[in-house]
Amino acid sequence: MGRAVMVTSFKGGVGKTTISANLAMTLAQMGFRVAAIDCDLESRCLDIALGLESSSLYNICEILSGKCTVAEAAVNDKRCSNLSFIAAPAYFSLADVDSFSFTEEAVKSFVLKLKLEYDFVIFDLPARPDKLYKALVKYSNYAIVISLHTAASIRAAEKTAMALEELGCGNADNELITKNLKTRLIINSFIAKDAASGVRPSIYDVINKTSVRLIGVLPYDEGMARGQENGLLAYQVKKGRNNFNRAMINIAKRFTETQVPLLSGIKLDVQKTKIT
Numbered sequence: 414m415g416r417a418v419m420v421t422s423f424k425g426g427v428g429k430t431t432i433s434a435n436l437a438m439t440l441a442q443m444g445f446r447v448a449a450i451d452c453d454l455e456s457r458c459l460d461i462a463l464g465l466e467s468s469s470l471y472n473i474c475e476i477l478s479g480k481c482t483v484a485e486a487a488v489n490d491k492r493c494s495n496l497s498f499i500a501a502p503a504y505f506s507l508a509d510v511d512s513f514s515f516t517e518e519a520v521k522s523f524v525l526k527l528k529l530e531y532d533f534v535i536f537d538l539p540a541r542p543d544k545l546y547k548a549l550v551k552y553s554n555y556a557i558v559i560s561l562h563t564a565a566s567i568r569a570a571e572k573t574a575m576a577l578e579e580l581g582c583g584n585a586d587n588e589l590i591t592k593n594l595k596t597r598l599i600i601n602s603f604i605a606k607d608a609a610s611g612v613r614p615s616i617y618d619v620i621n622k623t624s625v626r627l628i629g630v631l632p633y634d635e636g637m638a639r640g641q642e643n644g645l646l647a648y649q650v651k652k653g654r655n656n657f658n659r660a661m662i663n664i665a666k667r668f669t670e671t672q673v674p675l676l677s678g679i680k681l682d683v684q685k686t687k688i689t
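Under the working numbering, the first residue of the sequence shown is numbered 414, with each subsequent residue one higher.
One or more of the hints may lead you astray.
[What the hints assert, rightly or not] For lysine-lysine, the following DSS-like pairs were computed, each having C-alpha atoms within a straight-line distance of at most 25 Å:
hint, residue 1, residue 2
1, Lys491, Lys526
2, Lys491, Lys651
3, Lys491, Lys652
4, Lys547, Lys606
5, Lys547, Lys526
6, Lys606, Lys680
7, Lys521, Lys491
8, Lys666, Lys528
9, Lys622, Lys652
10, Lys666, Lys491
11, Lys547, Lys528
12, Lys526, Lys595
13, Lys491, Lys547
14, Lys572, Lys544
15, Lys595, Lys528
16, Lys666, Lys680
17, Lys544, Lys595
18, Lys652, Lys595
19, Lys572, Lys595
20, Lys595, Lys622
21, Lys547, Lys480
22, Lys521, Lys595
23, Lys651, Lys666
[Unchecked claim] So the derived label-pair ranges between C-beta atoms look like this:
hint, residue 1, residue 2, range
24, Gly636, Ser478, 37 to 45 Å
25, Asn643, Ala564, 29 to 37 Å
26, Tyr617, Glu455, 16 to 24 Å
27, Ile461, Ala519, 23 to 31 Å
28, Glu517, Ala564, 35 to 43 Å
29, Leu470, Arg568, 23 to 31 Å
30, Leu675, Arg568, 19 to 27 Å
31, Ala519, Ser494, 47 to 55 Å
32, Val612, Gly636, 20 to 28 Å
33, Tyr504, Ile620, 38 to 46 Å
34, Phe513, Ile461, 17 to 25 Å
35, Glu485, Lys606, 44 to 52 Å
36, Ala638, Gly444, 26 to 34 Å
37, Phe513, Leu470, 27 to 35 Å
Quick caveat, the hints were computed from the structure, so don't treat them as lab data.
Just so you know, these numbers come straight off a predicted model, no measurement behind them.
A virtual CB, placed ideally from N, CA and C, is assigned to each residue, including glycine.
Generate coordinates for the entire structure from the input sequences, incorporating the hints supplied.
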């Protein structure tokens with residue numbers, strides 16, 4: 414079976430959707446069959462990050478309610494035949510999220526079909542753990558917790574990891590339920606010169622302050638920040654010759670059990686920032 418990966422943080426604005434989109438595309442370009450699923454029912458943005466707006470006829474809610482199949486809802490990315498996308502509904506209110514009705518069997522069947530069809534399934538999740546979020550915890554293999562390069566965000570990542578452990582406890586004795594969810598941390602928008610100056614935590618500080626194993630560091634890249642506003646993925650910015658894309662490739666390789674240093678091929682500006 415394939416591996417189901419939750420991209421999560423209980424703190425908003427840390428880059429979950431951007432990382433979900435770029436990780437999905439990077440793995441697909443490496444030859445893996447990948448499904449990117451927008452599970453943020455209230456604030457769907459994965460279609461924008463992937464550049465696949467207005468491409469879906471069906472969505473995840475219609476799959477879980479039995480109105481369509483996974484095959485009918487999945488959209489193939491024309492840029493990479495290995496990548497498929499399933500959208501969140503176009504309109505979904507907070508009240509709808511709380512009242513959204515689906516069965517445990519429907520979620521189990523949904524994830525099983527995805528794992529049988531794809532090598533990696535990337536779930537882009539909301540900051541608020543709703544009913545769908547809690548159900549998906551049971552059937553995921555990895556939880557990737559995203560943190561910005563700030564002390565407050567790193568603390569939020571630690572709390573997210575603790576909550577995931579609690580949500581995963583007490584699962585029924587079922588062969589499809591993931592008994593050992595592997596939680597990993599990605600530091601997003603890392604600013605090396607601030608870490609060198611002590612303005613922000615260093616990578617060493619992060620490792621010491623959180624119990625979550627670090628799987629990747631994504632340096633802040635101004636070109637990437639501008640590119641994503643125009644719907645570009647990392648491989649499309651400067652033809653992929655940017656720190657964000659290099660770091661994303663490192664993360665994807667580490668997912669495939671390839672040993673590669675966190676900052677392999679990445680050029681960091683470590684000139685210390687003056688503290689006034």
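Subject >> Structure versus earlier hints - violations, ascending order >> reply: 4, 7, 9, 13, 18, 26, 29, 31 and 37
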